[in-house]
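Enquirer: What follows is the residue order along each chain.
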Amino acid sequence: MRKKVNSFLLRIILLILGLIVVYPFIWMLSSSFKNNSEINALKQTLLPKVFTLNNYLNMNEHFDFVRFFINSILVAVTVTIIVAYTSTICGYVLCKYKFKGRKLLFGFILATMMIPWCVIIIPKYSMMKVFGWMDSYKAIIIPAMFSGFGIFMMKQNSENIPDEIIEAAKIDGANALQIFHRIIFPMSRNGIASISIFQFLWTWDDFLWPYLVIQSKDKQLLSVGLRMFNGQYATDYGALFAATAISIIPVLVIYMIFQKQFIAGIAASAVKG
Amino acid sequence: MRSKMKYFLTVAMIFVTLSTGCGRTKESNSVKVDVPTKPFGSTIVYDPAKEINDGKKITIELWEWGSDETFQKLIDGYTSIHPNVTIKLVSNPWDDYWTKLPLALQDKNGPVIFNIHNSYHENIINYCAPYEISVEDLEKDFNDIKPHVKDGKVYYIDFGIMTGSVYYNKAMWKAAGLADNDIPKTWDEFRNVAKKLTIKDGKHIVQAGINFNTEFYQTYLLGLNYQLGQNLFSENGKTATINTPAMKKVMNMLLDIYNVDGSGSKDFGTSGSESFGQGQSAMTLMWGHYKETLQNDYPDIDYGVFEIPSFDEKPYAYNRYNGESTFGINKNSSKEAQAVAQDVIKYFLANDEILKEFNLARCTFPTKKSLTDDSDILAHPAMSVLAEHIDRYIWPGPMPAVVEESLKIAGQDIMYNGSDIETALQKAENSINEELKSSDFTAVENLYKYAKQKK
Amino acid sequence: MLNKNHPLQSKSEVILRNIVVTAMIIYFIVFLIIPIGTAFVGSFHEWNPLSGTFRLLGLDNYRKIFTDNLFWKSLSNTIVFSFVVIIFRVGFGLAIALAIYSKMIKHKSFFRMLYYMPVVTPMVAVAYVWKFMYHPQIGTMNQIFGLNVNWLMNSKMALPAIMLMTIWKDFGYAVVMFMAGLYSLPKDAMEAADVDGASPWQKFRYITIPLLKPMILFVVITSIIAYIQAYVQVLILTEGGPGTSTFLSSYIIFDEAFVKYNFGFASAMSFIMFVVTAVLTWLSFRVTRSKG
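Protein chains in written order, with full-length UniProt numbering: chain A, 1 to 273; chain B, 1 to 455; chain C, 1 to 292.
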């Protein structure tokens, strides 16, 4: 009996906390169906008094939301795929192949995670100009091809793969690349799921770098677009909320699909950090 | 079945006609430009018959920060004469514009023409190519050219000057029992009006008489000092004089309006512009560009404009003004592109109609001599209030952004952080002067027409 | 270089290894070592890309930092900000992860989803929503709780308001990380404790916490790195105000670099931040080790 009460209480607490967490979302979503005079009114209500879809329908009037959205998806997916692949292969090599300087290299990779963006952003910026990559997605994708965090996680993840499996494949005559693609890669799917979600999130959320390197409006990404939008039409809150609501969806969907693998992947790698 | 088909076809037909019809009217609206064929202008004359870029196709970029419509009119007007030229309009919000423009200008592919604001003069000037039009010709057609001449050349000029005026909500004005002849002339009268316009529910303000949150440093601190005969910069124009009795008097008046009169509150509304637009504040002192904000964001507000009040009837100057600049030409872009840009500038400066359009859109008073007594300009409420004393406004020069930035911090420290006025102003003065050391800025307050009358 | 005795080293593996290691090294040299080197050299120069200045100053930039009150104020803001947010992030994260993990709760994935939602929302978007919620008259914060606080323009409330938003946005990350940690705990340890009749508190104190320690350390360190670099919140919510109450180091660096174009001075400040990050990371390693 006591257990039941406890369980009930705990569930209530979690639900209340959950409500606090989602309240801003509910508020934002509901505001996105209000017209601007209601959003700006002194007397506020949670639900719209006059329900309107105009914010969604007119979103593209002020800024090219659909385009920003597609750009963002394109860039984030590309970066995520590349990083997932490079992290897995680098992590695998660092874990299973022995060579001199391996520990040093791994230690160095760990250290790179500690470098604040502000240290390298200025020279990196100058570099992009020298390379002529300004205002092109090269500037976003190429410098992000390897991730210290990803390599670290996938190295830990590879520890769980028994050497015997690799040995057996070798005896069957598979070469290193075949082993990696046919055995290691599928076996690392949990780790890949978690690094993919992290990477997608970071790229989707990154603001400063695309803000600096992308100039043309038609190439701009969503996170920067949201700010530009606010800078220019400071008070079209309705459209801003509508745009934000839509911009959350892709990440949420991806997270929902891969949630299990995501957690299993973290469990398999970072814990032994 | 057949009738259904017929019905469907009719509806479809109507729909098609409607949509194409709408499309057509829209198009004809935007291309409704009379293409001039004869030369026009005063001293600076533009000849539309002259071909540009040998009639070959060329595309250039024009950057600006958010009056898309007026710029599009300029572009449409120009390209109707020269259909071989395509001008791509790129617009960025104000903050982003100044982060990105200097970086973009280092590239060959950066914008060829870009809108300039003189507060960012130093970041931009090194990338500008001089105008081909001679200084003498410019001076014949425009006022206030002198401060822009650098080594005998001009890189940009002002097409109009902007300053602050008071915007008031007409409905609230009426509701408070005020009439047209209640428009205040002095700050004392102004404060009385503000009190009448304030509505409270117990202790809480429901409607503020006046709101200057956020913008106070631009509109009051940097400007009202002139009414008291106090310049912002020293005689040689190289150091700032912020910690002065005049500035303290202005600051004290702001505090009194909120704390003694109770005609508003530092905590009521995040900014004057927003609160006025939301219909929660009855008055706000704003610069000319506010008209555009009201038009874009708060089209429902019915407002009037009156001239900034003064401390006494005959101030040394009513307020500071700032020029709205013409465009810069990127010296790093190709020769052909620069030639087009020079031609666009000439078209712009010779064209009274488009200059008028720009001045009306920004609420700036034209610098072009042929426009100063133009009836359309004087018919405009925000401009007519300026016309009478237009020579009583003073330009301190292209102040670097640090001046506003430091006074913003000083003012917020005083209003919100309980810092005392003396310390905060001194701190602002120090940090401005620290920046000015490594700057080429020299104030031009001495070029003001009545500079000798300073108290 | 080659260890011939090791079983995992065939010819194709050597090739794969060499390609991967070379690619990694080239990448890290080009995109990390060279930029860091450039920034380090630049921090001793007056470096303005707009005027094209690159003039040797020696230690002047660093000297200027040490006398710059605003920098130290922002640094202390940054440290307070990071400390508070990390404490709550780890504390909330751990408590909620344990609650969801416990046998009493069904629909675990629903709760995980719920708490993770703010994490996946772009910071820019979140900041605008919260800015509106903090509005003194029409904001949700004051409306719901019947308060009359000017959150973002009150020198006492502005930084906590930014912290609150950051905690709200980020603690879900810790929940998920700790859940992952809990799932990978060895089951036999718990069962043994159950047989010995250990109380829940004892189990928590003597089994869960020690086993979760690496994960806690991981969350703390990634948080330190992230929060020392935080600035988007400030950029959107307060722009450093009121006065200079909410200046964070990274915000100053952004301002110096991309508003004023003092690249040299900004680089020097960045290096100080680098040192601070390194010291704090080292400290958290020390603290966890000494406790165990």
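Just so you know, the hints here were simulated from the structure itself, not pulled from any lab data.
Using N, Cα and C, we set each Cβ at its ideal position, and we do this for glycine too.
It is possible that some hints are incorrect.
Claimed, not checked - Listed below are several chain A residues computed to face chain C (Cβ distance under 10 angstroms; list not exhaustive):
#	residue
1	13
2	107
3	108
4	183
5	186
6	212
Said to hold, decoys possible - Below are the BS3-like pairs computed for lysine-lysine, each with C-alpha atoms no more than 30 angstroms apart in a straight line:
#	chain 1	residue 1	chain 2	residue 2
7	B	449	A	219
8	B	50	B	88
9	A	129	B	57
10	A	49	B	170
11	A	3	C	203
12	B	50	B	140
13	B	369	B	437
14	A	100	C	11
15	C	108	A	4
Enquirer: Which of the numbered hints are not met once you compare them with the structure shown?
Expert: Hints 2, 4, 5, 7 and 13 are the ones this structure does not satisfy, whereas the remaining hints hold.
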